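Asks: Each chain is listed here by its residues.
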Amino acid sequence: MKEIVCIVCPNGCALNVEQNGETMTVSGNKCKRGEEFAVTEMTKPMRTICSTVKTNRADIPVLPVRVSADIPKDKIFAVMNEINGVTVTEPLRRGDIVIKNVLGLGVDVIATSDVLSINQGEMI
Amino acid sequence: MNNYDVIVIGGGPAGLAAAIQAKKDGAEVMLIERENRLGGILKQCIHDGFGLVRFEEKLSGPEYAERFIDEFNSLGIKALTLTFVTKIAKTADGFEIHIVNRKGTAVYNCNALVLATGCRERTAKQVFIHGTRPSGVFTAGTAQHFTNLLGELPAKKCVILGSGDIGLIMARRLTLEGCKVLGVYEAKPTPSGLTRNIHQCLNDYDIPLYLSHTVTRVFGDERLEAVEISQVDEKMRPIAGTQKTVECDALILSVGLIPENELAETLGVEMDSGTKGPVCDEKLMTTVDGIFSCGNALHVNDLVDYVSESGETAGAAAAAYKKAKRRTVRLERGNGIMSLVPQMLDLNGTTEAVTVYFRSSAVVNNCSLKITVDGKDVFRKKYAFLRPPEMERLVIDFSAFGLTPDSKILFETEVTEK
Chain A
1 MKEIVCIVCP
11 NGCALNVEQN
21 GETMTVSGNK
31 CKRGEEFAVT
41 EMTKPMRTIC
51 STVKTNRADI
61 PVLPVRVSAD
71 IPKDKIFAVM
81 NEINGVTVTE
91 PLRRGDIVIK
101 NVLGLGVDVI
111 ATSDVLSINQ
121 GEMI
Chain B
1 MNNYDVIVIG
11 GGPAGLAAAI
21 QAKKDGAEVM
31 LIERENRLGG
41 ILKQCIHDGF
51 GLVRFEEKLS
61 GPEYAERFID
71 EFNSLGIKAL
81 TLTFVTKIAK
91 TADGFEIHIV
101 NRKGTAVYNC
111 NALVLATGCR
121 ERTAKQVFIH
131 GTRPSGVFTA
141 GTAQHFTNLL
151 GELPAKKCVI
161 LGSGDIGLIM
171 ARRLTLEGCK
181 VLGVYEAKPT
191 PSGLTRNIHQ
201 CLNDYDIPLY
211 LSHTVTRVFG
221 DERLEAVEIS
231 QVDEKMRPIA
241 GTQKTVECDA
251 LILSVGLIPE
261 NELAETLGVE
271 MDSGTKGPVC
281 DEKLMTTVDG
291 IFSCGNALHV
301 NDLVDYVSES
311 GETAGAAAAA
321 YKKAKRRTVR
331 LERGNGIMSL
341 VPQMLDLNGT
351 TEAVTVYFRS
361 SAVVNNCSLK
371 ITVDGKDVFR
381 KKYAFLRPPE
391 MERLVIDFSA
401 FGLTPDSKIL
411 FETEVTEK
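From first to last, the protein sequence lines stand for chains A and B. 1 is the number of the first residue of the first sequence in this note's numbering; add one for each residue after it. 1 is the number of the first residue of the second sequence in this note's numbering; add one for each residue after it.
Keep in mind the hints are simulated off the structure, nothing from the lab. On a predicted model such as this, the values are computed, not experimentally measured, just so you know. All C-beta atoms, glycine included, are put in the ideal place defined by N, C-alpha and C.
Pairwise CB distance ranges, derived in the manner of DEER restraints:
hint: 1; chain 1: B; residue 1: 106; chain 2: A; residue 2: 59; range: 20 to 30 Å
hint: 2; chain 1: A; residue 1: 54; chain 2: B; residue 2: 87; range: 37 to 47 Å
hint: 3; chain 1: B; residue 1: 289; chain 2: A; residue 2: 90; range: 45 to 55 Å
hint: 4; chain 1: A; residue 1: 59; chain 2: B; residue 2: 86; range: 22 to 32 Å
hint: 5; chain 1: B; residue 1: 225; chain 2: A; residue 2: 54; range: 24 to 34 Å
hint: 6; chain 1: A; residue 1: 27; chain 2: B; residue 2: 241; range: 38 to 48 Å
hint: 7; chain 1: A; residue 1: 86; chain 2: B; residue 2: 70; range: 20 to 30 Å
hint: 8; chain 1: B; residue 1: 335; chain 2: A; residue 2: 86; range: 47 to 57 Å
hint: 9; chain 1: A; residue 1: 47; chain 2: B; residue 2: 106; range: 43 to 53 Å
hint: 10; chain 1: B; residue 1: 153; chain 2: A; residue 2: 27; range: 35 to 45 Å
Put together the whole structure using the sequences plus the hints.
Replies: Right, here's the structure in full:
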C-alpha cells in the first residue's frame, strides 16, 4: 500500500493506494478526481507548470505563461528550457499560444495575462 | 463627479469583487488603487490553483484577477490608479476621502466605504534575526515580485525561513528558474502551508523541510554569505549547541501575513486580536457604521475564492447601506479557536444564513466545532481534522438560537474521540 497526498484541490486528501496486480484500489479521497489523480500518480505522474517568458518591453519585462494541460513530471525542466528560450514581441492576450505543441507533448504554452495589451501607467 | 454611493479602497481581488457587486446592486461606485494596475498581489502569483471553488478551474493568479477586471471594466466602474488615500474623515452624511495622485490632490465623498487594503508580510525585523544587515534578505513576496514581474532572479543558492504557502510556492518557482533551494526551515513543529503545497512544491523537487528549526543569525557585509540555523524547543526557543552554518546568497522569509488596517485604525474601527483585522458583523460592517471590510484586510485567507466572496458580501451591504441602529451581540472565541469571522451579529439584520470562517489554534483530529448560547449547546459540526493553516467555512442559521444582545455565544472545538 502506498500513501500519497492529492494535489488536485486545497483539501489535500491523504490517499491510500493498494495495488493488486493490474488493478488499483484508492481510498481516502473525498471526490472522483482524487481517484483519477492517484492512478495517474502511480503510473505516469503529471504536473502543471507556470512560468514567465521574456518580452521586448522595458516596462513589462516578462509575461506570465502556463502549459495548457498537464505535462509528464519528468519533462518539467525540459519544458522550462523551452520557455526560457522565448522572447515575446507581439502584444499577446490571455490564452494566446506562446509555444505550440511544446516538445511534441501535445500541449501548448499559453499566455496567462492581458498585461501586454492593456494601456499601462508608469511603472512604480 | 466627486460624490459616490460606495468608494472601495484597494484594487485586488476583494476590492474588485466588492466594487462589481455594489455596481450590480445599483450603486455609483469608485475604486482607488495605489499601484498602476488592478489585480493586487495576484499580478505576481503566476502559479495555478486559483478559482477551484468559484470557477471549478485551475487558474493562475493573473487569469483569476483578469476575469474580475474584465467584468469591472465592462460595467464601466471608475478606478483611480497610482492614487494614494491620505486621509479619511467622517462627515454628517458619510465619508470624505482625501487622495493624492499625479493630477494633484482631491476630495471625494461617499455614503459607504469598503476597505479592501489586503495584508502585508512580516519582515526580518519582526522575527528577531541577529547579525549584520547585508542585501539578500527578502520576504517571499519581494522575491516573487523580482522573479515574476521584473524577470530578475534574486538568488542563486538560498534558504527559506517559514513554511507559509508563499514560501513553498517560491521554493518551487526559484528551483524552476535554476536557483538552488537548500531547504525550508520552520520553527513550528508542523508546516504552516497547505499540505498539497508541501507535496507539489517541496517533495516534487527534493527540497528538504526542517521542522522545529529557525534562522538565528545572518552573516555577510555587502551581500548575504551564510545563515546560522538552530533547532528550537517546543516554545520555539533556540537550543544552545545545535547551531550550524549554511552558506547561501539569499534568505527568503515566509513568516506570516498581517492585515493592513492603518486607514481603518485612524477611523476608530475596533480591531480583533485573533484575526488582526476589524471586528465585523455578518454583513462585514465594522464597528463604525458605514465602513465595511473584506478580503485579507479582514482576515488572512488561504483561498482567493473566499476573498472574492467576502468582497461580494461587503460590496452588496455597502450598496444597500442606510443609517440604522444596530442591535449587536458578540461571537466569542473559546477553546481551540484561533480566529473567527464575523465577530458579531446585528440582530436587526438577517441572521438566517451567516457565512462563518474560522481557524483552529492547533492540529486536532476527530473533533467538532461546538457553539453554545449561555452554556447551552445549539450547534455542532464534526470534522475529521482541523489544522490552523486551513481556514474552515460554513453557513449557520443563527435565527433559530433565540439570541438577544445579552446572549453569550461561544465557539469552541471539542475532540470527540481520541
